[in-house]
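S.K.: These are the residues of each chain, in order.
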Amino acid sequence: MIEELPRWRRITDTVVRSVLPVVLALVVAGLIIAAMGSNPLDFFAGVWKYGVTGNNWQDSLRLMAPLMIIALGLIVAFRGQLWNLGYNGTFLLGSVVAAGAGPVLFPILPGWLVTAVIIVGALLIGAIWSIVPAVLKARFGTNEIITSLVMSFIAIGVVNLLIKGPLHDPNPRVTAPQTATIDRADLLPFFGGTRVHVGFLVAIALALVAQFVISRTSFGVRLDVFGASPKAAQHVGISRSWMIVLLFSLSGALIALAGTIDVLGNVTYMRANWNPGYGDAILPFVFLARLSPLGAIPLVAFYSVFANGGINAARSVGLSSDFLLVVVGLILVFMTITEYVGDKRRLGQSYLPAGMKQSVMSLFGPRTTATTRVPSSPEKATTPPEKVSTTKTTATRAPGKVTT
Amino acid sequence: MSELLSATVLAAFLTAIIVQTMPLILAAVGETIGEQSGVLNLGIEGVMLVGAYSGYVTALVTGSPWLGMLGGIAGGVVANLLMLVLNIWLGLNQIVIGLAITLMGEGITAVLYLQNYGKSPQSVPGDAWVIPGLSDLPVVGPSLFRQSGIFWVLLLTLVVVAFLLARTNWGLSIRAAGQKPSSLDAAGGNVVRTRSSAVLLNGAFVGAGGAFLSVLTTGTFTPFMTGGLGFIAIVITMLSRGRVAWIVVTSLLYGIAVAIKNPLQLIGVTVPADVFQMLPFIVVMLTLIIFARSSMVPPALGAPYTRGAR
Numbered sequence: 004m005i006e007e008l009p010r011w012r013r014i015t016d017t018v019v020r021s022v023l024p025v026v027l028a029l030v031v032a033g034l035i036i037a038a039m040g041s042n043p044l045d046f047f048a049g050v051w052k053y054g055v056t057g058n059n060w061q062d063s064l065r066l067m068a069p070l071m072i073i074a075l076g077l078i079v080a081f082r083g084q085l086w087n088l089g090y091n092g093t094f095l096l097g098s099v100v101a102a103g104a105g106p107v108l109f110p111i112l113p114g115w116l117v118t119a120v121i122i123v124g125a126l127l128i129g130a131i132w133s134i135v136p137a138v139l140k141a142r143f144g145t146n147e148i149i150t151s152l153v154m155s156f157i158a159i160g161v162v163n164l165l166i167k168g169p170l171h172d173p174n175p176r177v178t179a180p181q182t183a184t185i186d187r188a189d190l191l192p193f194f195g196g197t198r199v200h201v202g203f204l205v206a207i208a209l210a211l212v213a214q215f216v217i218s219r220t221s222f223g224v225r226l227d228v229f230g231a232s233p234k235a236a237q238h239v240g241i242s243r244s245w246m247i248v249l250l251f252s253l254s255g256a257l258i259a260l261a262g263t264i265d266v267l268g269n270v271t272y273m274r275a276n277w278n279p280g281y282g283d284a285i286l287p288f289v290f291l292a293r294l295s296p297l298g299a300i301p302l303v304a305f306y307s308v309f310a311n312g313g314i315n316a317a318r319s320v321g322l323s324s325d326f327l328l329v330v331v332g333l334i335l336v337f338m339t340i341t342e343y344v345g346d347k348r349r350l351g352q353s354y355l356p357a358g359m360k361q362s363v364m365s366l367f368g369p370r371t372t373a374t375t376r377v378p379s380s381p382e383k384a385t386t387p388p389e390k391v392s393t394t395k396t397t398a399t400r401a402p403g404k405v406t407t
Numbered sequence: 004m005s006e007l008l009s010a011t012v013l014a015a016f017l018t019a020i021i022v023q024t025m026p027l028i029l030a031a032v033g034e035t036i037g038e039q040s041g042v043l044n045l046g047i048e049g050v051m052l053v054g055a056y057s058g059y060v061t062a063l064v065t066g067s068p069w070l071g072m073l074g075g076i077a078g079g080v081v082a083n084l085l086m087l088v089l090n091i092w093l094g095l096n097q098i099v100i101g102l103a104i105t106l107m108g109e110g111i112t113a114v115l116y117l118q119n120y121g122k123s124p125q126s127v128p129g130d131a132w133v134i135p136g137l138s139d140l141p142v143v144g145p146s147l148f149r150q151s152g153i154f155w156v157l158l159l160t161l162v163v164v165a166f167l168l169a170r171t172n173w174g175l176s177i178r179a180a181g182q183k184p185s186s187l188d189a190a191g192g193n194v195v196r197t198r199s200s201a202v203l204l205n206g207a208f209v210g211a212g213g214a215f216l217s218v219l220t221t222g223t224f225t226p227f228m229t230g231g232l233g234f235i236a237i238v239i240t241m242l243s244r245g246r247v248a249w250i251v252v253t254s255l256l257y258g259i260a261v262a263i264k265n266p267l268q269l270i271g272v273t274v275p276a277d278v279f280q281m282l283p284f285i286v287v288m289l290t291l292i293i294f295a296r297s298s299m300v301p302p303a304l305g306a307p308y309t310r311g312a313r
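Protein chains in written order, with my numbering: chain U, 4 to 407; chain C, 4 to 313.
Derived by calculation from the structure, the hints in this document are not laboratory data. Heads up, the beta-carbon is just placed ideally off N, CA and C, and yes, glycines get one too. Any given hint might turn out to be false.
Stated by the list, open to error - Each computed SDA-like pair below joins lysine to any residue, with the alpha-carbon atoms no more than 25 Å apart:
#, chain 1, residue 1, chain 2, residue 2
1, U, LYS167, C, GLN280
2, C, LYS264, U, MET39
3, C, LYS264, C, ALA14
4, C, LYS264, U, ARG274
5, C, LYS122, C, THR223
6, U, LYS167, C, ILE270
7, C, LYS264, U, LEU164
8, U, LYS167, C, LEU267
9, C, LYS122, U, ILE35
10, U, LYS167, C, PHE279
11, C, LYS122, U, ILE314
12, U, LYS234, C, ILE98
13, U, LYS167, C, ASN265
14, U, LYS167, C, PRO266
15, C, LYS183, U, ARG142
16, U, LYS167, C, GLY231
17, U, LYS234, U, ILE314
18, C, LYS183, C, VAL164
19, C, LYS183, U, LEU164
20, U, LYS52, U, MET39
Claimed, not checked - If you want the ones that stay clear, here's a sample from chain U, every Cβ over 12 Å from chain C, calculated:
#, residue
21, LEU139
22, ALA183
23, ASP186
Whole structure, please, built from the sequences with the hints as guidance.
M.R.: Written out as C-alpha cells, the structure is:
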C-alpha cells in the first residue's frame with residue numbers, strides 16, 4: 004500500500020465515491036416511491052421530461068445560477084474547515100437587498116448603476132452578517148455551527164420584518180406581505196430568446212475563478228494549509244483569526260450574491276416567509292465534489308435538473324414535492340456510508356482513519372494537526388485521491404474528508 | 004382594560020403557555036441528554052416531525068392520545084437509530100447525519116401526510132383530567148387543572164430525568180462521555196453504550212415533544228409544523244448547560260413570548276410574530292457575545308469516540 008495507486012484507479016475511485024451515493028439514494032428513493040404505491044420509473048422519466056426536454060432545460064439552468072454560487076460560498080468556508088451553516092439567512096439577506104432596493108432605485112437611476120449598487124450592497128451585507136460568528140470563533144473559540152445557525156434564524160426574522168414593514172409594496176391594493184416587483188426590463192440580461200439570465204454565466208465564471216485561486220495561487224495553498232491544520236498555518240505565518248474572518252465573510256458575501264442574482268434574474272420580488280432552502284439542498288453535492296469548484300459544476304447541474312424536474316415529476320406520480328428533501332437526505336446518508344466503506348477497505352482492519360476522526364474533532368475545541376495517524380497506516384492510505392480535477396500536490400489532507 | 008384581562012383571557016393565556024412550552028421542554032431535555040453525552044443531534048427538527056406524525060397517526064388509529072404519545076416516542080427512537088448506527092457505532096460525521104435526519108424527517112412526514120390525510124384532515128380526540136376541587140379555581144382551574152393526564156405524567160418524567168442526570172452514576176457517565184470519553188473508558192465505563200442510551204433517550208424525548216405538539220397542542224398534523232422549534236430546542240439546550248430546571252425556565256420564557264401575542268392584541272398592542280420568533284435567537288446571540296466562552300458545550304461534543312485512538 005506504500006506505492007501510489009495508478010492514475011486511472013484514482014480517477015475511477017473518485018468518480019465512484021461521488022456518483023455512488025447519488026445512485027444509491029435514487030435507488031432507495033425509487034423503492035420508497037414504489038412502497039407508496041406509485042411507479043418509480045414514471046417519477047424518473049418525469050424528472051427528465053420536466054427538467055430537460057422542451058424549454059424546461061432553461062429553467063434548470065436558471066435555477067443553477069444561485070445554486071452554483073451558494074456551492075462556491077460553502078466550498079470557501081468548508082475548505083478552511085469552518086462550518087458556515089448560516090446559508091439560508093445570508094441568502095435571504097442578499098435577496099432582500101435586491102427586492103427592496105430594486106423597485107425603488109431602478110426608476111430613478113440608470114439600470115447598470117442600480118445593479119452594481121445592489122450587488123455591492125448584497126456582498127457587503129452578506130460579509131458583515133457572517134463576520135459575527137467568525138469573530139466569536141476567532142476570538143473566543145465559540146462553536147460556529149451554532150452561532151451561524153442562530154444568525155441565520157435572526158436574519159430570516161429580520162428579512163420577514165423588512166418585507167412586512169418598510170419594504171412592503173407601496174401599492175395599496177397589494178395586501179399580501181410582499182415587496183414591489185422589479186420591472187422585467189430592469190432584470191439581468193437574458194440570453195437571446197431563453198429564460199436563462201447572465202447570472203448563470205457569472206456563476207460558471209466564479210467557479211472557474213475559484214478553481215484557479217484554489218489550485219494555482221498561493222492563497223489556495225494557504226487556505227489548504229489552514230484547513231488541514233490552523234496550528235501549522237500559524238507556524239508558517241498564516242493568521243488563524245484573519246483566515247477565519249476572511250473565509251467567513253467571503254462565504255457570506257458569495258451566498259448573499261446568490262440571493263441577489265436569484266431575485267434580479269428569476270423571482271423579481273420577495274414574499275414574506277419565502278425561503279427556498281437552496282443551501283440545504285446543495286450541501287451534499289458540495290461534499291460529493293470534494294470541495295472542488297470545478298467538480299461541483301456537474302453535480303450542481305445534476306441537482307438543478309433533478310430539482311426543477313422533480314417538483315413536477317413528484318406531483319405527476321401523486322407525491323408532494325417535499326419528497327425531494329428525502330432524496331437529498333438520503334444522498335447525505337449514503338455519502339457518509341460510502342466514505343466510511345471506502346476508507347475501511349483501504350485500511351483493512353485498522354481503527355477509524357485518523358483523518359476522519361481529526362476532521363470532526365477539529366470542529367470543536369483545540370485543533371490538532373493532521374499528523375496524528377494510526378501508526379500502522381501509511382500516509383498514502385489515509386489520503387485517498389479525492390479531487391476531481393487535481394493540480395495540487397501540497398495538500399497533505401484530503402479536502403473531502405470533512406464529510407466523514 | 005380590566006374586563007379585557009378577565010379570568011377567561013388569563014386562563015386561555017395560561018393554557019397557551021403550557022401547550023407551547025411543553026413540546027419545547029421535552030425536545031430540549033432530549034437534546035440535553037444527547038449533548039451531555041457528546042452527541043450534537045442537529046436532526047431533532049426532523050425527529051420532532053417524525054414523532055409528531057407517528058403520534059398523530061397512532062392517536063387517530065387507536066383513538067387514544069396516550070397511545071399517540073407512545074407512537075410519537077417510538078417514532079423518535081426509530082428516527083434516531085440512524086444517528087445511533089452511523090455516528091456512534093461507525094463514527095461518521097454528526098453534523099452531516101443530523102442535517103440528513105432533519106431533511107428526511109421534514110420530507111417524509113410531509114409526503115406521507117399529504118398522501119394519506121391531505122384531502123381529509125382529521126383531528127385527534129382530546130383528553131383532559133379534570134382534577135376535582137382544584138379545577139374549580141379561577142384562572143388556573145380551567146387551564147392548568149384540566150390538562151391531559153399526559154401533561155402530569157411528563158412533568159413527573161422531567162423530575163425523574165433531572166434527578167437521574169444530576170444525582171446518579173448514570174448521569175455521571177453521560178456527562179463523562181461528553182466531557183472526556185477516554186476517562187469514562189479508563190474508569191471501566193462503556194462510551195459507546197452510554198452514548199447509545201443517550202441517543203435513544205434523545206429520540207424518545209424529542210419524539211414525545213413532537214407528539215405533544217401534534218396530539219395535544221394542535222390536535223392535528225401539518226407539514227413542517229415544528230417551524231424551527233427543534234433548532235430553538237438546540238439553542239435552549241446550549242443556554243441551559245445541562246440543567247433541566249434551566250431548560251424549564253428558558254422554555255417558559257419562550258412560551259410566554261409566543262403566547263402573549265393574543266392578550267397583547269386584545270389590549271391593542273400588535274407586535275409582529277416575527278419579533279417573537281427571533282427573540283430566543285437574539286437572546287442566545289447576546290448571551291454568547293457577552294459570556295463568550297467555549298464551555299457552553301461539552302468539550303467532546305461532536306467527536307466520535309474510538310478506543311485507543313490518539
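S.K.: Hints first: check each against the structure and report whether it holds.
M.R.: Structure-based check of each hint:
no.	hint	verdict
1	U:LYS167 to C:GLN280	holds, 15 Å
2	C:LYS264 to U:MET39	violated, 41 Å
3	C:LYS264 to C:ALA14	holds, 14 Å
4	C:LYS264 to U:ARG274	holds, 23 Å
5	C:LYS122 to C:THR223	holds, 14 Å
6	U:LYS167 to C:ILE270	holds, 22 Å
7	C:LYS264 to U:LEU164	holds, 16 Å
8	U:LYS167 to C:LEU267	holds, 19 Å
9	C:LYS122 to U:ILE35	holds, 21 Å
10	U:LYS167 to C:PHE279	holds, 15 Å
11	C:LYS122 to U:ILE314	holds, 19 Å
12	U:LYS234 to C:ILE98	holds, 23 Å
13	U:LYS167 to C:ASN265	holds, 19 Å
14	U:LYS167 to C:PRO266	holds, 22 Å
15	C:LYS183 to U:ARG142	holds, 24 Å
16	U:LYS167 to C:GLY231	holds, 20 Å
17	U:LYS234 to U:ILE314	violated, 46 Å
18	C:LYS183 to C:VAL164	holds, 22 Å
19	C:LYS183 to U:LEU164	violated, 43 Å
20	U:LYS52 to U:MET39	holds, 22 Å
21	LEU139	violated, 6 Å
22	ALA183	holds, 20 Å
23	ASP186	holds, 28 Å
Going down the numbered hints, you'll see the structure goes against 2, 17, 19 and 21, while the others check out.
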